[in-house]
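Engineer: Single-letter residue listing:
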Amino acid sequence: MTERLRKTAVASLSVVLAGLLAGCGGSGGYLEIPIETPIAPKLDVSPFQRVYVAGFLAGASEDVDANMETVRLLRSQLRNKNILPVVDADTVALAERAMEDVEPAAGAAAPAPAADTGQLPPVNDERELDQYSKVFSDTDYWKKVGEEHEQPLIVTGSVLFVPHARSGFVQREQEVYDSFGRRQVVPVRTYMERKGYILRPTFVFIDGRTGEQLYSESFREEILYSSNQQTPALSSYFELMDRLLPTFLNTLSAQKIRGSRVLLK
Amino acid sequence: MPARYLPFVVALVLASAYPAWADQRSEAKAQVEFGVQVAQRGLWREAMYRWERATQIDPTYAAAFNNLAVAYEQEGQLDKARAAYEKAIALEPNNALIKQNFDLFKELNDRATSKDSGRQP
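Residue numbers (numbering that gives the first Met the number 0), protein chains in the order written: chain A, 0 to 264; chain B, 0 to 120.
Some hints could be false.
[Unchecked claim] Using 30 Å as the maximum straight-line C-alpha spacing, the simulated DSS-like pairs for lysine-lysine come out as follows:
id : chain 1 : residue 1 : chain 2 : residue 2
1  : B       : K28       : B       : K79
2  : A       : K264      : B       : K79
3  : A       : K80       : B       : K105
4  : A       : K41       : B       : K86
5  : B       : K86       : A       : K194
6  : A       : K41       : B       : K105
7  : B       : K86       : B       : K105
8  : A       : K41       : A       : K255
9  : A       : K264      : B       : K98
10 : A       : K255      : B       : K105
11 : B       : K98       : A       : K41
12 : A       : K255      : A       : K194
13 : B       : K28       : A       : K41
14 : B       : K79       : A       : K133
15 : A       : K255      : B       : K98
16 : A       : K255      : B       : K79
17 : B       : K28       : A       : K264
18 : B       : K105      : A       : K264
19 : B       : K86       : B       : K28
[As the list claims (entries may be wrong)] Ranges of calculated distance between the beta carbons of each label pair, as one might list FRET restraints:
id : chain 1 : residue 1 : chain 2 : residue 2 : range
20 : A       : D89       : B       : A95       : 51 to 57 Å
21 : A       : N81       : B       : E45       : 52 to 58 Å
22 : A       : G258      : B       : A82       : 16 to 22 Å
23 : B       : A89       : A       : S75       : 43 to 49 Å
[To be verified] Residues from chain B shown here face chain A by an in silico Cβ test under 8 Å; the list is partial:
id : residue
24 : A62
25 : N66
26 : V69
27 : Q73
28 : G75
29 : L103
Just so you know, the hints here were simulated from the structure itself, not pulled from any lab data.
Glycine included, each C-beta is placed from N, C-alpha and C at the ideal position.
Start from the sequences and build out the full structure, keeping to the hints where you can.
Structural biologist: This is the structure we're talking about:
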């Protein structure tokens with residue numbers, strides 16, 4: 000009798016626990032759904048009637064004129080997005096102005112702009128470029144630029160676009176077939192020499208009415224190809240700029256970022 | 000009380016507590032499922048309301064918090080979305096789907112706030 004009672008008790012306990020576990024099994028399925036997340040602009044552009052992309056500090060490069068390409072690209076993007084009317088004027092002589100602010104090292108001559116281009120001398124890294132960045136806090140200069148173009152929102156900054164090489168072990172996927180002819184994809188680590196470019200732009204937004212800096216934003220993107228791949232520098236430049244353009248535009252206007260998420264049932 | 004009755008007592012206590020708890024979960028589940036249906040039709044506000052209700056009915060229901068976080072993202076309420084994801088992960092730390100959603104959210108949120116790169120003087 001006692002044994003029967005014990006068995007009954009264990010059985011009834013098992014039923015209750017099974018029921019509880021079934022109740023605990025939260026996710027009964029899932030569904031992937033597209034979403035669009037609105038992102039508020041970082042800067043209030045309502046006080047401005049127009050935007051002027053004034054030019055960028057960029058080291059001289061044989062491959063890409065990073066200053067002019069960036070000006071062209073940003074102007075065309077701003078026009079397409081119709082955020083503000085874009086001032087279609089020549090860029091300012093930013094490199095010359097920036098070099099005036101740089102104090103030459105003792106005994107050394109002041110840096111001279113690269114011949115005929117109005118660009119800085121070749122710049123290899125961020126630190127070299129940063130020494131010229133005083134120009135962005137020169138309120139008198141930017142106020143004057145603003146007055147010349149009906150006090151717009153001024154977009155300026157610096158763009159470093161330099162070649163880059165790196166070698167090391169890279170993990171990639173490789174197809175293999177087993178003895179039954181079944182295909183499998185396995186990760187393989189191989190040593191590779193790769194080359195590409197680094198893009199490091201800093202966008203500076205200046206109030207054309209006061210000459211004061213409103214906001215600035217820096218990015219760093221890099222791209223690497225296998226060493227036997229010949230990719231033109233200009234297409235690498237556009238590929239890298241393409242990655243950060245949505246964020247640049249989001250500084251001035253609201254944007255919807257598309258993505259997908261999983262809903263649980 | 001003789002020890003042989005102990006299993007019966009435990010079973011009885013569990014069995015009596017279970018229906019109330021199960022009712023809560025099934026009610027929350029119904030809200031979650033309705034929310035999923037309306038979200039599929041683009042009615043995110045209604046979905047958000049349903050998932051909020053589900054989290055109130057059953058505050059231990061990770062799926063409801065996950066879905067609510069997605070709705071907050073869709074509505075651009077990023078702070079609320081983060082809090083809801085964190086709650087969902089706290090409830091189900093090993094749920095890979097919630098983790099995946101949260102990783103995607105963090106990526107987007109970093110872009111939106113640009114904490115590392117943007118500065119205002």
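Engineer: Now, for every hint given, state plainly whether the structure supports it.
Structural biologist: Evaluated hints:
{"no.": "1", "hint": "K28/B x K79/B", "verdict": "holds, 21 Å"}
{"no.": "2", "hint": "K264/A x K79/B", "verdict": "holds, 21 Å"}
{"no.": "3", "hint": "K80/A x K105/B", "verdict": "holds, 26 Å"}
{"no.": "4", "hint": "K41/A x K86/B", "verdict": "holds, 28 Å"}
{"no.": "5", "hint": "K86/B x K194/A", "verdict": "violated, 44 Å"}
{"no.": "6", "hint": "K41/A x K105/B", "verdict": "holds, 18 Å"}
{"no.": "7", "hint": "K86/B x K105/B", "verdict": "holds, 15 Å"}
{"no.": "8", "hint": "K41/A x K255/A", "verdict": "holds, 14 Å"}
{"no.": "9", "hint": "K264/A x K98/B", "verdict": "holds, 16 Å"}
{"no.": "10", "hint": "K255/A x K105/B", "verdict": "holds, 16 Å"}
{"no.": "11", "hint": "K98/B x K41/A", "verdict": "holds, 28 Å"}
{"no.": "12", "hint": "K255/A x K194/A", "verdict": "violated, 34 Å"}
{"no.": "13", "hint": "K28/B x K41/A", "verdict": "violated, 39 Å"}
{"no.": "14", "hint": "K79/B x K133/A", "verdict": "violated, 40 Å"}
{"no.": "15", "hint": "K255/A x K98/B", "verdict": "holds, 23 Å"}
{"no.": "16", "hint": "K255/A x K79/B", "verdict": "holds, 18 Å"}
{"no.": "17", "hint": "K28/B x K264/A", "verdict": "holds, 7 Å"}
{"no.": "18", "hint": "K105/B x K264/A", "verdict": "holds, 23 Å"}
{"no.": "19", "hint": "K86/B x K28/B", "verdict": "holds, 17 Å"}
{"no.": "20", "hint": "D89/A x A95/B: 51 to 57 Å", "verdict": "holds, 55 Å"}
{"no.": "21", "hint": "N81/A x E45/B: 52 to 58 Å", "verdict": "violated, 33 Å"}
{"no.": "22", "hint": "G258/A x A82/B: 16 to 22 Å", "verdict": "holds, 19 Å"}
{"no.": "23", "hint": "A89/B x S75/A: 43 to 49 Å", "verdict": "holds, 47 Å"}
{"no.": "24", "hint": "A62", "verdict": "holds, 4 Å"}
{"no.": "25", "hint": "N66", "verdict": "holds, 5 Å"}
{"no.": "26", "hint": "V69", "verdict": "holds, 4 Å"}
{"no.": "27", "hint": "Q73", "verdict": "holds, 5 Å"}
{"no.": "28", "hint": "G75", "verdict": "holds, 4 Å"}
{"no.": "29", "hint": "L103", "verdict": "holds, 6 Å"}
Checked against the numbered hints above, the structure violates hints 5, 12, 13, 14, 21; every other hint is satisfied.
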